[in-house]
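Chemist: Sequence:
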Amino acid sequence: MKLASLKKISRKGLVAIGLAALFSSAVNAQTLTSNSTGTHSGFYYSFWKDSGSASMTLHPGGRYSSQWNNSTNNWVGGKGWNPGNSSKVVNYSGYYGGSNNQNTYLALYGWTRSPLIEYYVIESYGSYNPSSCNGGTDYGSFQSDGATYNVRRCQRVNQPSIEGDRTTFYQYFSVRSPKKGFGNISGTITFANHVNFWRSKGLNLGNHDYMVLATEGYQSSGNSDITVSEGNNNSGNSSANNSSATSSTGNGAGITVRARGTTGAEQIALRVGGATVQSWTLSTSYQNYVYSGSASGDINIEYANDSGDRDVQVDYIQVNGETRQAEDMDYNTALYANGSCGGGGNSEWMHCNGVIGFGDTSDCFSGNCGGGNNSSGANSSVASSIASSTASSTATTSSSVSNGGQCQCNWYGTLYPSCVTTQSGWGWENSQSCISNSTCNSQPSNAGGVVCGTSSSVSSSSSSVSSMPASSVMSSMSSSSAASNSSASGDVLVYAVNAGNSVAATLDGVVYQPDRFASGGMTQIVSDPISGTTEDTLYQSERYGTYRYEIPVSNATYSILLHFAEVYHNAAGARVFNLSVEGQAILSDFDLFSMAGHDGAYEELVENIAVTDGNLTIDLTTLVDNATISGFAIYSNDGGEFTGGDEPECTAAERQTPTPIDYNRAITRQEQRNPPSGPFGYAIEHATQTLPNHTIYRPDLARADNMPIVVWGNGACSNVGTEQADFLLQIASHGYLVIANGGPFGSGSNDQHETELVKAIDWAIAENSRQCSPLYGKLNVEKIGTMGWSCGGGMAHYAAVDPRVDTAVALNSGIAIYGDRFNYYPRFHSPLAIFNGDQSDVAYNPGLQQYDEVNNVPIYHANYPIGHGDAYFQDNGGEFGIVAVGWLNWMLKDDQTAAGRGMFMGNNCRLCRSPWVSKHKGF
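So the numbering used here is basically just the index in the sequence shown, starting at one, shifted up by 470.
Simulated from the structure, these hints should not be mistaken for laboratory data.
For clarity, every value in this text was computed on a predicted model and none was experimentally measured.
Keep in mind that the hints are not guaranteed to be accurate.
As the list claims (entries may be wrong) - As a list, the in silico BS3-like pairs of lysine-lysine whose alpha-carbon atoms are at most 25 Å apart: (1) Lys1363 to Lys1229; (2) Lys1363 to Lys1391; (3) Lys1248 to Lys1389.
Claimed, not checked - Beta-carbon label-pair distances, calculated as ranges: (4) Gly1289 to Asn571: 44 to 54 Å; (5) Asn1163 to Lys1389: 46 to 56 Å; (6) Thr607 to Gly676: 43 to 53 Å; (7) Ser1024 to Ala1186: 34 to 44 Å; (8) Gly1218 to Thr1138: 42 to 52 Å.
Glycine included, C-beta positions come from ideal geometry on N, C-alpha and C.
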């Protein structure tokens, strides 16, 4: 990928600049801790937050710095211009202190009126892509400033905007791919390119209001120090302009290029900062070509002597402590595709004279950079790549991707999809390069040929790889007998895991056991149909995040069949991760969507893995979004055995495993698309056999133990257990078993005071003691809370009379409207809480009245400026979601920090300051 020529500064240089500015112009610095807009040092600024301690400091010129932590639900701020301008060229540089596990982004952000539009040009983001809205529309992609931007339009209904608190408007997103990394950062945004592309799709802007280069954080922590300036109108196009070098790199420690030619006569040049720094003549096998100088700037690999049968294949480069795969780079003018040179991107191949752009020496695409490359091999990732591609003892892998029956082309040792509509040459279909059958079959016999349903040997940068369709992999790895599943080479099944699911799945006669032996990660189950397999179940669950499996096995040699499906993302580059087995890199910078598309089965066969420590270890590491796996099967042909404990000897009827509920069916509001923020994962289930009139929300059982129990009453005492699914998943993700009144997607209502909540408590305690239950031994039955909103809040307070209940919480509620309440008050025995809205909340007065009437137990009362039930239409419950978790942390986990008791008590507690109004007695 080619980036525009920009002047980069190191973090050390940035600190120096910051200190100089501080001592020379300290009088101009201004720190903002409350919402504010205005002009500072010639630039417009905007700072907004809904709570917490986020702050932004205005420095001279276009510079601002910010810091925030989890005490702030949401904040955004930056410097720029008012009004904005459709032809603005924006330069930025500085330090962006986010990470892949924090919900934050850096973007050009602004508004227009008539029409009212909120727009974003997203340069970098953390755990959540801000354009991933439910119900949005994708409008394709375009190239600008050396990168590809994916465009999406979303709609916000009755949400705050520059025109009021309840407005409806569209959002336009241009999201950079690949996104910029974290740490030192710089770039150029030619806004006219975005405006023109949006306009070509009917996405028009109105009259400009403000435009800022913004940092935003949502339920996360981080910091930034950004300087924004205005560029000129010819500095940001997508052509290969290398005219100016940059001032410094992230580490200036050399570049390694791994490449080969098809004839051995091909010549490539490494160009850095617009100048050729080294040239090589390639061999026909992969070699590592090392430049050990300290040039800095934009990196291009140039191929300049194309002739006849000559072609170049660039595997990757190593720079700034990371590996950048050629196929991940969007800027490739040497690829022959769509009938012309430069007709596509995202390929290792250079068929014509041209360049592949690899970004700037100081960029950090992976978010985990540092340590340079040099000819001595000091960089561990270079050394491991060389070792894995040359050592005879390395693991071998075979991969397959199911393309719904589409054939593949074995093009000089690498499998590419065969084109469906392109009849000649290379094409670009389904967001990836493909080769027409005529071009594939016209190559020399050892360098081409269409592959359909058979096995072919191909080469890989890190291992010896053979590829075949998924059905062929499975038929060679298993027999129809579950008792003696074996591969064609004699491998015997040792153990198989259905990742992310608490029930077993069967694929081609192999039984994949419920998810076990994982540490870290979260789980999800979907109902999407999966292409490329006749048995969807295994691929419909996943464990995702950064995590490890350690399977207890005897010391022996093993093969592992890995299963994947991209069940969430719909674009290349949205999910990238690494996978290793026993410390050997198997998948590096792996983009599952690029290989399998959305909801397509993908399999990777890893062979020759030696285990010497009694555990077969599989590590998955997130680079972009979350690493994922659907399942895996372990085989051995030299006596390897599973040494772990047996699954409980229970029949399916004895297990009574709840039925998974699809997250995407339960969470339908577009404003609630951020996943729950807790560290323990989440799932929704329906215990159809044993608790049919309730809905279960729980964390990942592989990660959470000793879970307190929370039972929930719905608004209007509804029997629809999924009405507040987003809110309840937020609680569950923090390590609680939550059981809501009403089955999933039910109907009607049932106001029997405490009856249904007590039933849920009885069920949970029984399941904790039942050996075949998935919850066996997982619950803390000594810590139980009741909670609900509106009519359900009354159910929660009525259920507080149960002697097992340790706390009861009513949200937007108060039982002062019930005549029989005085029969219950004397039986209260544990702390109560009432969290209501402002005077527009119909529960405002009943809540205050109940607070005055209850004097025999501690009680806490607080009001927040929100209407009746508004919280349950906000992402993760908004402020009420934070407070609900905080109260449970205090009452059921004895958390004394700001995430528990400190949220409610103390001189500067969250509920002790505006906009909350709180009071309490008895504590």
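Chemist: Of the numbered hints stated previously, which ones are contradicted by the structure, given in increasing order?
Modeler: 3, 5, 6, 7, 8
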